[in-house]
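Q: Residues per chain are reported as follows:
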Amino acid sequence: MLKQNTINDVRGAMSPSKKADKINTVLKDRSLWLDAWHRLKQDKIAVVSLAIVLFYAVVGLLSAMGLLAANWNEVVGPSYAPPSADYWFGTDFLGRSVSRKIISGTQVAMSVGLISSLIAIPIGVGLGACAGYFGKWVDEAIVWFYTTFSSIPSIMLLMSIAFIIQKFQVEISEVFGANFDIGLFAVFIALGLTSWVGLCRLIRGEVMKHKNREYVQAADALGAGHTRKLFKHILPNVTHIIIINTSLQFQIAIKSEVILSYLGLGVSGQPSWGTMINDAKEELARGVYWQLLGATIAMFVVVLAFNILGDALRDALDPKLKGKS
Amino acid sequence: MFKFGLSIVLATAFMTIGCTKKKNYDEKVLLRNVKAKIKGLDPVNAGDTYSSREISRIYEGLLEYHYLKRPYTLQPNLAESMPVVSDDGLTYTFKIKKGILFQDNKCFPEGKGRELKASDFVYSIKRMADTRNISTGWWLLDDKVEGLNAWRDKYSGKAANYSDEIAGIKALDDYTLQFKLTTKYPQFLYSLAMVYTFAVPYEAVAMYGEEFLNNPVGTGAFMTETYKQSNKIVYVKNPNYRDVFYPSEGAPGDKERGLLKDAGKKLPLVDKIVVNIVPESSPRFLSFENGDVDFSEIPKDNFESSVTPSKEVTEAFKAKGIELEIVPDLDITYIAFNHDDPLFKNNLKLRQAMSLAYDVGRSNELFQNDRAVEAQTIIPPGIGGYDKDFVNEFAKYDLKKAKALLAEAGYPGGKGLPTIVYDTLATTLYRQSSEFFKKCMNDIGVNIEVRQNTWPQLVDKTKKRKAQMFGMAWLGDYPDAENFLQLLYGPNAAPGPNGSNYNNAEFNKEFEAAKVMQPGPERAARYAALAQKVAMDVPLIINLHRTTYILKHSWLRNHKFSSFEHGNSQYYAVDMDAKEKTIKSGVLRMNHKKATAKVD
Amino acid sequence: MSDLLEVKNLCVDFNTPEGVVRAVNDISFTVPQGKTIGLVGESGSGKSVTALAVMGLIPNPPGFISGGEILFEGTDLVKSQEDYMRKVRGNDIAMIFQEPMTSLNPVFRVGDQIAEVLILHMGMTKKQAWDRAVDLINQVGIPDPSRSALKYPHEMSGGQKQRIMIAMAIACEPKLLICDEPTTALDVTIQQQVLELMFDLQDKYKMGMLFITHDLGVIADIADDVVVMYRSNLVEQNTCENIFTGAKHPYTKGLLSCRPALDRNPERLLTVSDFMEEDGSEIVVDDEKTIKVDKVYNVDEEKNPYLLEVNNLSVHFPIKGGIFGRTVDHFKAVDDVSFKLRKGMTLGLVGESGCGKTTLGRALLRLLEPTSGQVIYDGIDITALDKKELKGMRSRVQIIFQDPYSSLNPRMTVGEILLEPMKLHSIGKDKIERIEKAKWLMEKVGLKADQLARYPHEFSGGQRQRICIARALAVNPEFIVCDESVSALDVSVQAQVLNLLLDLQEEFGLTYIFISHDLSVVNFISDEVAVMNAGQFVELDQANNIYLKPKEDYTKRLLAAIPKGIPKSLIEGQA
Amino acid sequence: MNGNLNYIIRRLIYLIPVLLGVCFLIFILFNVVAPDPVNMMLGKHPTADQIIEVREQLGLNKSLPAQYLDIVKSAFTFDFGRSWATKQQISTMFMNGAIPSLTLTIPAFFIATFSSIIFAVIVAYFRGKGVDLFIRVTCIAMMSISSLVYILVFQYFLAYKWGLFEISGYEYGFPNFLYYVSLPILIWVVLSLGPDIRFYRTLILDEIYQDYVRTAKAKGLSERTIMFKHVLRNAMIPIVTYTVVQLPFLLLGSLLLESFFSIPGLGDMTISALNASDFPVLKAMSIVSAVAYIIFTLIQDIVYTVVDPRIKLQ
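Residue numbers (the working numbering), protein chains in the order written: chain A, 1 to 325; chain B, 1 to 600; chain C, 1 to 575; chain D, 1 to 314.
Wrong hints could be hidden among the right ones.
[What the hints assert, rightly or not] Derived BS3-like pairs: lysine-lysine, alpha-carbon spacing no greater than 25 Å straight-line:
| hint | chain 1 | residue 1 | chain 2 | residue 2 |
| --- | --- | --- | --- | --- |
| 1 | C | Lys127 | D | Lys229 |
| 2 | C | Lys126 | D | Lys229 |
| 3 | A | Lys44 | D | Lys229 |
| 4 | C | Lys126 | A | Lys28 |
| 5 | B | Lys144 | A | Lys167 |
| 6 | D | Lys229 | C | Lys87 |
No wet-lab data here; the hints were simulated from the structure.
For clarity, every value in this text was computed on a predicted model and none was experimentally measured.
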């Protein structure tokens with residue numbers, strides 16, 4: 001019954017590598033992520049905010065590598081010079097250019113968002129998936145763990161974690177070398193360890209829902225093991241939640257850095273929007289508004305972009321829309 | 001549902017549209033703001049300057065500093081006269097004034113304040129030695145009074161028996177008190193003017209127990225009416241207060257400034273004192289400008305709008321009737337090297353280079369608005385041992401010489417020198433000053449890594465000798481240069497006050513000899529020589545002696561700033577009619593331009 | 001007597017991202033006073049949209065009425081203002097919807113929800129409206145009406161909730177009652193009672209009724225005239241009698257013939273595609289195909305040996321209670337069931353919702369751990385196998401689920417879905433061979449081989465069910481459990497899938513257990529039928545014995561409730 | 001009714017391990033790992049032997065399990081001993097701190113919740129139209145500015161420049177505290193409008209697309225009655241449960257508002273405890289807010305059954 005010729009022409013005629021992707025295209029010629037990208041592209045504002053986010057990421061990267069605004073520490077004019085042609089955002093108490101500090105501050109903001117998410121995602125998704133998938137006592141234990149974690153106000157957790165890191169300052173600086181910025185490291189860990197609970201709850205609920213869906217039971221009937229069911233079937237259907245949640249978590253991290261530096265747990269040694277806004281506490285009284293203005297605008301644009309992007313991603317990635325097309 | 005919700009929102013929103021509180025002017029009230037929360041009103045653990053200031057409004061000691069005379073001179077307060085000192089300088093005998101009453105309180109029989117007796121002092125000083133009170137003042141008399149340490153160790157950790165007699169402190173009769181010291185200790189008299197040794201009634205301690213710190217019972221001019229430890233304290237006059245009169249002579253120039261107008265009047269001169277606790281500096285100063293408080297220091301960022309470069313009040317403030325008082329403080333700020341670290345210990349050239357690279361003048365300009373005096377030695381102006389003509393060659397800013405010295409120290413241009421960790425506090429002011437220090441050191445190639453700490457963490461680090469370099473300030477406990485020189489005294493190393501762990505045998509020997517001398521010009525010369533000699537060894541980067549700038553409203557009278565403000569509030573007076581006129585005129589509300597226009 | 005409702009050349013369009021879609025194209029029909037018009041068609045035919053158009057309830061963005069008139073007692077509803085429509089809705093025209101479970105507001109008592117429409121339109125006071133509501137609840141046949149009125153929707157069964165919907169609809173004695181698939185979600189016995197209730201109420205209130213359904217059986221029982229819609233067009237309109245005796249349009253003919261009926265048991269069902277080409281042109285059907293051949297139940301000992309033996313199988317779910325959540329009682333989903341099944345035969349499992357048929361199907365495959373009993377498959381006791389051995393058995397036993405939308409992983413292409421089972425059971429040496437097998441499987445189930453790269457959401461419900469069958473076949477199974485595999489499909493598509501299952505059974509000698517609540521479907525496909533109720537087998541016998549000579553009265557009641565599919569006018573004629 | 005009782009008891013029993021877990025987490029964070037505060041307590045001149053005596057008195061040398069048991073005991077008795085920094089009785093500090101905090105947070109919370117529900121209903125009612133878009137955009141924009149900036153700008157302009165409000169401070173007693181808390185309340189409301197409106201809007205929209213709304217329309221009800229009677233009544237279920245969960249955090253007050261406006265509430269107390277490494281106070285604050293959170297999750301379950309007839313306590 002099988003049509004013999006189809007097998008030969010596939011096997012003989014082409015070189016192995018070409019043959020491989022010929023086969024693969026038979027199975028899958030475009031990914032759903034591409035569809036989502038096309039949908040996202042239709043939303044003009046979303047594209048603009050994505051561009052803004054990428055622009056900030058590039059600026060952050062360049063300043064991290066020292067290619068951009070590395071000379072933020074250089075005195076360029078009198079202290080507290082108001083904004084003028086040569087200093088767009090004026091100068092700070094030492095006479096350093098505020099606009100350079102803003103650019104260099106992008107590095108802190110973006111790294112805080114990125115690294116705290118990189119810490120929060122694996123924990124949140126890992127625990128959430130296990131709780132949702134295995135259920136019974138595993139679920140009980142993980143639910144108990146994150147209820148305990150979330151019942152302590154997050155500000156207390158942030159403070160105490162930052163304390164702990166500063167307590168081990170001496171040991172850490174031996175490991176990472178003296179000029180390693182402990183303050184920033186404390187912010188990363190503190191934010192990372194307190195922001196995973198929301199994601200964990202979301203993933204647990206979603207995995208539980210998908211576990212009972214019939215395509216997973218069908219895989220079960222085919223003899224698929226736990227790992228295959230979880231990683232090949234359930235998790236791909238849940239990744240869109242991770243993406244949407246991360247974009248929201250990013251902007252929360254950026255805003256928390258300001259509060260942390262107010263509590264004295266923030267960055268020291270390099271400029272950050274948080275410290276600039278905090279300096280403004282006293283400066284505002286003497287009419288020095290430009291450092292506050294600059295930092296606030298810089299943060300406003302990127303946080304707004306993240307918010308809009310978060311909503312747009314939800315519409316583009318949400319399978320409900322795709323399922324009913 | 002909708003209408004109901006809307007009405008609730010509008011009602012509460014309208015209620016909070018906001019209105020400022022109406023003010024009343026009939027009662028004579030002294031209003032002031034304070035930076036830190038008051039820990040408690042128990043003399044034995046006064047802790048910081050803010051708590052001691054509040055405690056000294058209620059309690060009194062044997063001696064006190066004269067309100068007006070400068071330099072600060074001790075005078076008897078509860079004691080009738082200065083003590084009779086034995087020839088070997090070890091026995092001090094005091095006579096107590098008769099008829100001094102504690103304020104009325106329910107801890108006394110029928111609530112009536114009883115008369116102060118010599119035995120009260122024996123009890124109070126023993127309380128300071130009692131380990132269970134964890135007194136912050138115990139260092140004053142540690143190993144100084146015969147039998148006191150023995151008594152302390154005997155009851156360490158247990159309920160102390162106060163009737164257990166000790167040789168060092170004895171009430172010979174109701175009105176005579178005798179101290180026997182173990183060593184010559186001229187600073188002993190100062191300790192009797194400090195809050196830790198103030199008289200405390202045993203009945204109050206017995207009755208209130210652990211809550212005694214919130215129920216003060218003293219002999220002073222005021223007593224507490226309401227006491228919200230983290231928000232506000234209101235004092236009222238103590239009816240049992242004995243007759244104390246405003247001094248008729250003071251320091252030269254006081255008469256011209258009208259400080260002797262109320263001479264001879266019975267104290268206190270105000271009916272009530274209201275102390276508000278406002279941690280943030282900008283709201284604190286804004287409430288002064290609004291007239292909500294009678295006087296205030298000037299935060300760094302409000303200096304330009306308050307004081308002209310020639311150190312006078314700006315035209316706008318003059319128009320508002322605001323006056324300025326400038327008083328040097330018994331204070332020294334410095335950046336310490338941790339001499340445990342070999343990098344600094346045996347490399348004098350490196351220390352000299354870093355000291356020269358630090359631009360003290362610019363730091364004074366940036367952070368003290370040029371108010372402070374550039375320090376030459378560790379001894380501040382205003383006390384014996386300060387020589388205003390001495391110039392410390394390593395305290396000035398000389399980049400070229402600094403670079404040369406750094407090269408001689410073995411690190412040309414900073415090459416080979418590891419990154420130095422500088423620990424500072426996390427407040428905005430300290431973070432900015434550490435960034436300034438980092439910039440100065442970068443100018444000669446020395447790389448600094450700034451680490452932020454809360455105050456306890458910084459103290460913890462310095463006491464455990466883990467801080468490589470750190471900024472520190474020292475406020476004098478009493479007007480005696482010994483209190484400053486002991487910062488470099490070897491045996492005082494951490495956890496003692498010598499955070500730099502500096503240990504110079506020769507200096508230690510000379511210091512031990514000088515500190516036991518009786519106060520006088522000879523001791524002052526000895527102190528000066530000692531300080532100048534040790535400065536050449538650059539034990540730390542000397543920085544500034546800060547001066548206090550006080551802005552006073554027109555209606556505040558007799559205010560003279562003192563580093564030892566114990567009980568001074570009884571001398572202040574408030575002209576309520578002048579206050580009402582100025583506030584109602586709205587001149588305070590006018591912004592700077594309009595106010596000055598009004599003057600011309 | 002003028003017509004109650006006259007729909008003239010009605011057109012309704014929807015704005016979609018891919019442009020304007022016409023959902024209803026030039027429909028005209030009339031609903032006379034006291035008469036019932038059946039509007040029949042499959043999903044996507046536009047029948048519900050027509051109903052919503054009459055009520056003016058088309059969701060404004062994205063839908064809109066683009067042409068035609070809806071005359072209700074002379075006035076054109078399309079042109080009238082919103083507040084006029086509001087006075088008409090619920091008062092003169094009332095509507096009943098399909099999903100009773102979600103159509104009532106969960107947080108209000110049912111009595112209040114009925115009283116609300118009375119207060120709104122009849123100006124009654126609260127007290128009067130409540131009493132009238134209790135009376136209406138009584139009229140729709142709900143026991144203890146005064147107490148039931150105080151109940152919340154979740155405290156009532158699906159059937160009772162539908163009765164409440166009916167009470168709410170007839171509260172203001174409307175002239176026209178529109179019912180959009182009111183009984184589709186109900187079990188067949190309850191469906192019968194609800195239909196009778198609606199029938200009596202129609203007589204009592206002389207209401208015109210527009211009855212929308214996809215089930216021709218129901219139409220025959222209740223409709224006077226019938227309107228047939230297909231892909232937003234009206235293809236045929238006639239009296240019920242004429243439609244059933246001599247349908248003219250090929251689609252109607254296809255629709256009539258593809259419905260399995262109890263009294264006849266053809267070898268294969270004719271489907272719409274046998275009567276009509278894709279573009280709508282007619283195919284002349286030769287008689288041979290329409291011959292009704294009664295399937296003969298012949299058992300050949302060595303061709304059909306016993307493959308599956310189930311002894312005293314039970315599945316009990318613990319019910320938690322008390323403070324510490326101890327199990328207080330057990331819900332006996334499957335209670336001591338025993339039967340044997342021969343190779344190549346099909347056992348039908350039929351029963352109302354909640355009778356335990358699905359649980360039994362899952363327990364057989366140990367997708368659900370049975371509490372006790374044995375399942376011996378080809379001599380091997382499946383219940384005793386451990387995890388690893390069970391995996392080996394998986395290739396021999398497979399399952400096909402009900403909901404096409406949730407039984408395929410939306411993130412995997414059809415090719416990947418078909419290759420997964422082969423990889424798991426290492427069928428085929430390498431990828432190329434597996435792809436060939438996948439292509440072969442696609443053709444086997446009637447789909448195009450070049451669609452392997454497509455995603456599930458790009459296929460229709462029927463096509464997805466075919467992919468599920470292909471996935472099951474990928475492991476060359478011998479025994480397949482079909483759990484309500486066709487219930488979610490339209491009648492015409494249902495017929496094609498049933499035919500496919502029968503073809504595959506013949507070609508590969510497959511053994512089926514076919515689970516369904518639809519007796520006529522079970523009758524068509526099964527050799528033997530087991531009727532289940534409350535976890536137990538009420539009756540187990542050959543298919544036609546069950547239907548012709550039912551022994552147990554539960555089975556009898558079940559059979560009686562199935563709509564005959566013969567217009568009542570004919571039955572009256574014959575009786 | 002006994003069904004509910006069983007449920008409540010079971011929930012309470014379930015909460016005990018959570019409380020033990022919280023105590024353990026606090027124990028790790030503050031006892032095992034926290035730096036040594038003793039030096040700080042002894043002021044400028046600590047002597048070596050004095051430090052040892054103090055460690056003994058503060059119970060720092062107790063065995064770790066003993067310290068853990070102290071925490072657990074304090075979680076039930078609320079007797080937290082004395083603060084290291086100020087030697088005050090912590091429970092009295094709480095009493096003094098609770099009143100100012102609550103006078104700020106309770107009115108602020110209810111004004112914010114009510115106004116955001118009203119706005120959310122308006123936005124849902126006019127969904128898709130201009131009003132909806134405008135309010136949503138302003139919400140996102142308002143959320144994108146850090147809360148600290150709002151505090152600084154509002155305090156400087158509203159309080160100092162135009163003198164509309166008291167700059168800082170606090171007075172106990174009914175009419176007086178209003179002058180001091182009105183500006184912080186205004187800031188709190190402005191800060192929480194953004195996120196709340198977005199959240200409540202999604203809740204209401206979820207309800208609008210339900211089947212019973214279509215039935216209501218078919219009954220001839222007007223859009224307004226449907227929105228306020230049917231939809232809002234259903235949407236209130238998630239709204240009420242969401243509000244109840246936020247109540248425990250009102251106790252903690254707003255750290256920033258209290259420290260900037262020197263309102264001596266629990267938030268301000270927390271910040272000074274942080275700056276003074278005053279661990280008994282920080283521990284006490286964590287325990288109290290954790291216990292409050294746990295109790296309120298239980299209350300939330302009960303409220304859920306009261307508000308939603310469908311839920312039986314099982």
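Q: Against this structure, judge whether each hint is valid.
A: Going through the hints against the structure:
no.: 1; hint: C/Lys127 to D/Lys229; result: holds (19 Å)
no.: 2; hint: C/Lys126 to D/Lys229; result: holds (16 Å)
no.: 3; hint: A/Lys44 to D/Lys229; result: violated (38 Å)
no.: 4; hint: C/Lys126 to A/Lys28; result: violated (63 Å)
no.: 5; hint: B/Lys144 to A/Lys167; result: violated (37 Å)
no.: 6; hint: D/Lys229 to C/Lys87; result: holds (19 Å)
Hint compliance for this structure: hints 3, 4 and 5 are broken, all remaining hints hold.
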